[in-house]
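Given next are the chains, with one letter for each unit.
Protein chains: 2
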Amino acid sequence: MASNEAPDIVVGRLPIYLRALTLMAEEGREITSSQELSEKLGISSAQIRKDLSHFGEFGKQGTGYEIVYLRDQIKRILRLERTWPVALVGYGDLGHALANYGGFAPKGFEIIAVFDDDPKKIGQKVAGKEVVNLNELPRTLEEKNIRVAIVAVPSASAQQVADMLVKAGVKAILNYAPINISVPHYVRVQYIDPVAHLQHMTYYLES
Amino acid sequence: MASNEAPDIVVGRLPIYLRALTLMAEEGREITSSQELSEKLGISSAQIRKDLSHFGEFGKQGTGYEIVYLRDQIKRILRLERTWPVALVGYGDLGHALANYGGFAPKGFEIIAVFDDDPKKIGQKVAGKEVVNLNELPRTLEEKNIRVAIVAVPSASAQQVADMLVKAGVKAILNYAPINISVPHYVRVQYIDPVAHLQHMTYYLES
Chain A
1 MASNEAPDIV VGRLPIYLRA LTLMAEEGRE ITSSQELSEK LGISSAQIRK DLSHFGEFGK
61 QGTGYEIVYL RDQIKRILRL ERTWPVALVG YGDLGHALAN YGGFAPKGFE IIAVFDDDPK
121 KIGQKVAGKE VVNLNELPRT LEEKNIRVAI VAVPSASAQQ VADMLVKAGV KAILNYAPIN
181 ISVPHYVRVQ YIDPVAHLQH MTYYLES
Chain B
1 MASNEAPDIV VGRLPIYLRA LTLMAEEGRE ITSSQELSEK LGISSAQIRK DLSHFGEFGK
61 QGTGYEIVYL RDQIKRILRL ERTWPVALVG YGDLGHALAN YGGFAPKGFE IIAVFDDDPK
121 KIGQKVAGKE VVNLNELPRT LEEKNIRVAI VAVPSASAQQ VADMLVKAGV KAILNYAPIN
181 ISVPHYVRVQ YIDPVAHLQH MTYYLES
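Taken in sequence, the protein lines are chains A and B.
The first sequence begins at 1 in our numbering and counts up by one.
The second sequence begins at 1 in our numbering and counts up by one.
One or more of the hints may lead you astray.
Each pair may be met inside one copy or between any two copies, as identical chains are not told apart.
[Said to hold, decoys possible] No more than 30 Å apart at the CA atoms, straight line, and that leaves these computed lysine-lysine pairs for DSBU-like:
{"no.": "1", "residue 1": "40", "residue 2": "171"}
{"no.": "2", "residue 1": "171", "residue 2": "60"}
{"no.": "3", "residue 1": "120", "residue 2": "167"}
{"no.": "4", "residue 1": "40", "residue 2": "167"}
In short, the hints are calculated from the structure, not lab data.
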């Protein structure tokens, strides 16, 4: 469990720091600073230092952060020293793109089961997996001890799928359907809605 | 331009309110309350009232919010009384899913140009559009006065594409490549990275 009470908004920035640090490490870099991270990420250096201070002492005044060490600490904090098996529900265009996406595995996640309720899609092969009938979801999730799921179904089905997932023991749902879903307090939900991001930006545009 | 100084984080919640209000209006509902919105969205009712108060007086103590009125006001605030033409760069699996996605048009956005630099993809048809050679991007964007773009290219190309877009007059970029891009201060960028959302949630999971 979390060792302290870092605000959720701070936790949400850790993956951004991790992404930047991982890239720097891949480039063979050894030391960075809150100033450099600030310039790369558009987050103030004071904010970065304050965010990280919730989780420990990672840098020294004047010498900065050791990139690989800080990267590994953030991975540990985010529980990414293991790979999390993930269920994907919905095999439309988006589900297809997600199932084929090569960016999950290197970052701690592997989609190991894909579900749909469309007989035309069931049995299709994608990235070494087979699309399975949605009604097998409870058994598969229990067998494979899957607690993380991605929902890529139409809005009209999202709540029903979320209910199935919660009942099957899922504790974290990434929801692509543009609708808010209700889950018990012990289940985490994050949303991805490109429209919301676009609308956020048009606020600042001149018509 | 923005008529006041609402914090960006508040602006970012307006699309979430708009989504909920739009759904309620479609259901024929007339009145809602910050309490009901709170339950649906998992944002405290005090926060919702405070957020909305940045933009005007939309509700009356004891009677709540008129759904259609508040929806239309938020649309106005977010500059969604018009449809924004959007350029999509990158026609891989994700680009294909985005180009086919029916959720943009009803919410104020229309992908009217799709670009890729792969000769095998150029000329393909998708949702009534043709995939166009990336080197035609500057001319197309100018001709069609496009100021909003979605980047769905691999990380290695994202900065170069962003530079092209900025040079062509784009002021808002939704970036799906899992890498931070540098743009001038007058250009807005939002990121969509499913890995970051998943990592945010695993923080709270027991291993």
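Against the structure, the hints:
no.: 1; hint: 40 - 171; verdict: between (32 Å within a copy, 19 Å between copies)
no.: 2; hint: 171 - 60; verdict: neither (37 Å within a copy, 38 Å between copies)
no.: 3; hint: 120 - 167; verdict: within (26 Å within a copy, 45 Å between copies)
no.: 4; hint: 40 - 167; verdict: between (41 Å within a copy, 20 Å between copies)
Of the numbered hints stated above, the single one contradicted by the structure is hint 2.
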